[in-house]
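Asker: As they're listed, the protein sequences go chains A and B. Here the first sequence is numbered in my numbering, starting from 52 and rising by one per residue. Here the second sequence is numbered in my numbering, starting from 52 and rising by one per residue.
If you're looking for bench data, these hints aren't it; they were derived computationally from the structure. Small disclaimer: the values here were computed from a predicted structure and weren't measured. Treat the hints with care, as some may be off.
Identical copies look the same in the list; a pair holds intra-copy or inter-copy alike.
What the hints assert, rightly or not - Heads up, simulated DSSO-like pairs for lysine-lysine below, C-alpha to C-alpha not over 27 Å straight-line:
| hint | residue 1 | residue 2 |
| --- | --- | --- |
| 1 | Lys240 | Lys168 |
| 2 | Lys203 | Lys307 |
| 3 | Lys329 | Lys307 |
| 4 | Lys130 | Lys92 |
| 5 | Lys130 | Lys240 |
| 6 | Lys54 | Lys92 |
| 7 | Lys169 | Lys329 |
| 8 | Lys130 | Lys246 |
| 9 | Lys308 | Lys139 |
| 10 | Lys169 | Lys203 |
| 11 | Lys169 | Lys54 |
| 12 | Lys307 | Lys130 |
| 13 | Lys308 | Lys329 |
| 14 | Lys203 | Lys130 |
Protein chains: 2
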Amino acid sequence: MVKIAVDTAGGDHGAGTTVYGTCLAMREDPELECLLFGEPKQIEDALPDFADTERIEIIAADEVITDDDDPLRAVRRKKDSTIVKGLKAVAEGEADAFVSAGSSGAIYAGGLFLIGKKPEITRPAAVSILPTVSENSPYYMLIDSGANITAKPEHLVEYARLGSRMAEQFLNNRNPRVGLLNIGSEPSKGNAFSKEVFQMLAAEDDLNFTGNVEPSVLLNSTHDIVLADGFTGNIMLKSVEGTAEILLNDLLNNVKKDEQLDEDAVQVIEKAVDARIKRYTNVDIGGGFILGINAPVVITHGAADEVMFKHSVEMAARLTNNSIFNDQQ
Amino acid sequence: MVKIAVDTAGGDHGAGTTVYGTCLAMREDPELECLLFGEPKQIEDALPDFADTERIEIIAADEVITDDDDPLRAVRRKKDSTIVKGLKAVAEGEADAFVSAGSSGAIYAGGLFLIGKKPEITRPAAVSILPTVSENSPYYMLIDSGANITAKPEHLVEYARLGSRMAEQFLNNRNPRVGLLNIGSEPSKGNAFSKEVFQMLAAEDDLNFTGNVEPSVLLNSTHDIVLADGFTGNIMLKSVEGTAEILLNDLLNNVKKDEQLDEDAVQVIEKAVDARIKRYTNVDIGGGFILGINAPVVITHGAADEVMFKHSVEMAARLTNNSIFNDQQ
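Isolated chain A (complex conformation) (with noise of 0.2 Å):
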C-alpha cells in the first residue's frame, strides 16, 4: 500500500476538483490509499459515487494558505492549514507522499522545515518534467525550475548528482545525459556562473554530462536532465508553456475558421491540437516535485483540472518507490 496525503483546499477550484482527481487515481490504482486534508464537509460533497471510501481518511484542516501569505511566516502560523497538516502527515510517517495545488513557496518552506532536507543537498530545487517530440524518450526533468533563485554553482552539481539517481527509475534510464542550460554549446559560452558550473561538472567522473545545451534544441531530446538556477530555470519554464500555449491554441481557432475545411477535418486537427497543449502545459505528467528533501513532495498548477491533479497524485505515488527515498529510510 502507498499512502498520499492530499491538500484538497489548494489551487483555484478547490475540493470538487482536487478531491475528484484523487479518487480517478485511486480507481485505476487499488494499492492507493489517501488522506484528504480539508474541510470535511466539503471533501464528502465532492466525493463521486465510485469512491473507495475504505481506502479515504478525512482529516480536517480549518486553514489555507494562499499566495499572498508570506510562506515560511504562514507556514509557522497556520498549523491547522492543510499544507503544514498534510506535510506533518509524511513527516510524521502517516502518509509516504504530499500532494498539493497551492502555495508553491509554502510547500516549499514547509517540506523543507517539517520534513527536512536530504544532507547532501545544500538547498531543494522544483524539478519540472518537460516533454519532448521523442517517442522513445519523451519527457526529461528541468532542475531547477524555480525553487532556489539565488543558486551557487554547487548547488547544481549537487543537483545533477541526485536527479542523475532518480532518473534511473523515474525516467527509465541508468545513464541520464546531463546537460547546463546555456546560450552556446561550447565551454566558454554564458555568464561568470555557467562557466564556473560547467568546469564543475566536467570534473565530476560519475555524471554523464554532455556540456552546454541551448533552450532551442531541447524538445528534440537532445538530454534528460536539464541544470539550471531557479531564474533562468523558471524564465525557461514559462517561456515553453506559454509559447505552447498560446500559439497552439492560435492556430487552432485560425484553422477553424477556414470554410475550406469540413467538421471531419477540423475535429482531427483539434485533437492532435489538444493532445499538444495537454503535453505542454504538464496536464499529461500532473506536475513537478521538490528535489531534495526526504520525501515525495508534488506540486501541481494551482489552476489544474481533475485530470492533471489524477496526474499528480500518481506521480506522487510513483515517487515512493524512487531509490533517492527508499535508500536513505
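Since chain A is already given, all that's left is putting chain B on it; use the hints.
Answerer: Showing chain B alone in chain A's frame:
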C-alpha cells in the same frame, strides 16, 4: 535614396542566398541602393536576371570572419573581411546601414569599434522582434536578446529609454508598454538584479513602465518592449523559437499521417502551420539589430534563406528612418 551595405559572405548559404535576397528587397523598393561586399565573381554569378545593376555596387572583400574567430581580434586583424569593410562603409558615410548573416559576436564588436556607440548607452544590446498572436500589435521588442551578458541594472534603464523612443516609429507606438522579464509579476519577485532594475525603472517618469512580466504571457501582446539582461533574454528567445519550430513541425507531421484527412485539409493545415513557423522563427521580420550604436546594423540568422535575408535588408532600410539615428547626425 537609402544605401545598404550587405555582407554577402556571412551565413550558411553564401552569396547565392544573400545576393538573391538583397535583389528581392531592391525589386520592391526602388529607393534602395546596395553595396555588396564579398567575392566579386560569386556575387556576379548570384545576381538574378531581374537585378537592377544600376543600383548595385560590388566591392571586393576577400576575408571571411567565422564563428570560430575571436570576435574582437578578428575585427582588428581581418581588415579585408566583408564585416569590417561593410561596417567601415557605414562609418565613413558611404552607406546608411549594414546587414549580415555572419558572426554576431564580430558584428557586435565591429559595430562598436568601427561605427561607435551612442553616448546614452553604456553597452549596446541586441534587439529581437518577437511575434504575438494579436493582430493589432503583432510584434514586441526584446531588449537585450543576447549581447550584453553581464549587464548592470542601469544598462536596462538605458535600453528602456532608447527603446521607447525607437518604438515610436518602429512599432508605430507612441507610448510603448515597457515590462521587465521576470519569474513573477509582483515587485518583490526575482533575483537581486531584477529587484534592483524594477526599482530603477519605477522611478523613471518618462517611461510607460508597467512592471514585471512573465514569459508565459508575452505572446498575448501584453507589452511592446520587454527588458532582460543578455543571458536571460537569450534563454527566453531560444526557448520561444525552439518550442514554436519543433512543436509545430511535430504537429504537422502527425496530422499529415492521419488517414482521415484528405489532400485539401492537409494543405489548409500545412499553410497555417508554415505561416506560424515563419513568424516564430523570425523569417517574416528578418532578424534583429543592435541598439546603441550610431547606425542601423541588422544581424540575421546564419541559416537565413532568401526570403528572410530580403526581410533583413528591408529592416535595415526601415531603421535608417528611425529618429534615434536621425536626431544625432
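Asker: Compare the structure with each hint and give your call.
Answerer: Hint check results:
Proximity of Lys240 and Lys168 under a CA criterion of 27 Å is satisfied inter-copy only: 24 Å between copies versus 33 Å inside one chain copy. In this homomeric assembly, Lys203 and Lys307 never come within 27 Å of each other (Cα to Cα): the closest approach is 48 Å inside a single copy and 47 Å across copies. In the homo-oligomer, the alpha carbons of Lys329 and Lys307 lie at most 27 Å apart both inside one protomer (19 Å) and across protomers (20 Å), since each shortest distance falls under that limit. Taking the shortest alpha-carbon separations for Lys130 and Lys92, only the intra-copy value of 20 Å comes in at or below 27 Å, while the best inter-copy value is 79 Å.
Taking identical chains as interchangeable, the C-alpha atoms of Lys130 and Lys240 lie at most 27 Å apart only when they sit on different chains, with a minimum of 26 Å there against 47 Å within one chain. Proximity of Lys54 and Lys92 under a CA criterion of 27 Å is satisfied intra-copy only: 22 Å inside one chain copy versus 75 Å between copies. Taking the closest pair of Cα atoms, Lys169 and Lys329 never come within 27 Å of each other, the shortest separation being 33 Å inside a single copy and 47 Å across copies. For the identical chains of this complex, Lys130 and Lys246 are neighbours neither inside a copy (43 Å) nor across copies (31 Å), given an alpha-carbon limit of 27 Å.
Neither within a single protomer nor between protomers do Lys308 and Lys139 lie at most 27 Å apart by alpha-carbon distance, with minima of 52 Å and 51 Å respectively. For the identical chains of this complex, Lys169 and Lys203 are intra-copy neighbours only, at 17 Å inside a copy versus 36 Å across copies, given an alpha-carbon limit of 27 Å. For a Cα distance limit of 27 Å, the shortest separation of Lys169 from Lys54 inside one copy, 21 Å, qualifies, whereas the shortest one across copies, 64 Å, does not. Taking the shortest Cα distances, Lys307 and Lys130 never come within 27 Å of each other, neither inside one copy (51 Å) nor across copies (55 Å).
Proximity of Lys308 and Lys329 under a CA criterion of 27 Å is satisfied in both settings, with 22 Å inside one chain copy and 20 Å between copies. Taking the closest pair of Cα atoms, Lys203 and Lys130 never come within 27 Å of each other, the shortest separation being 32 Å inside a single copy and 42 Å across copies.
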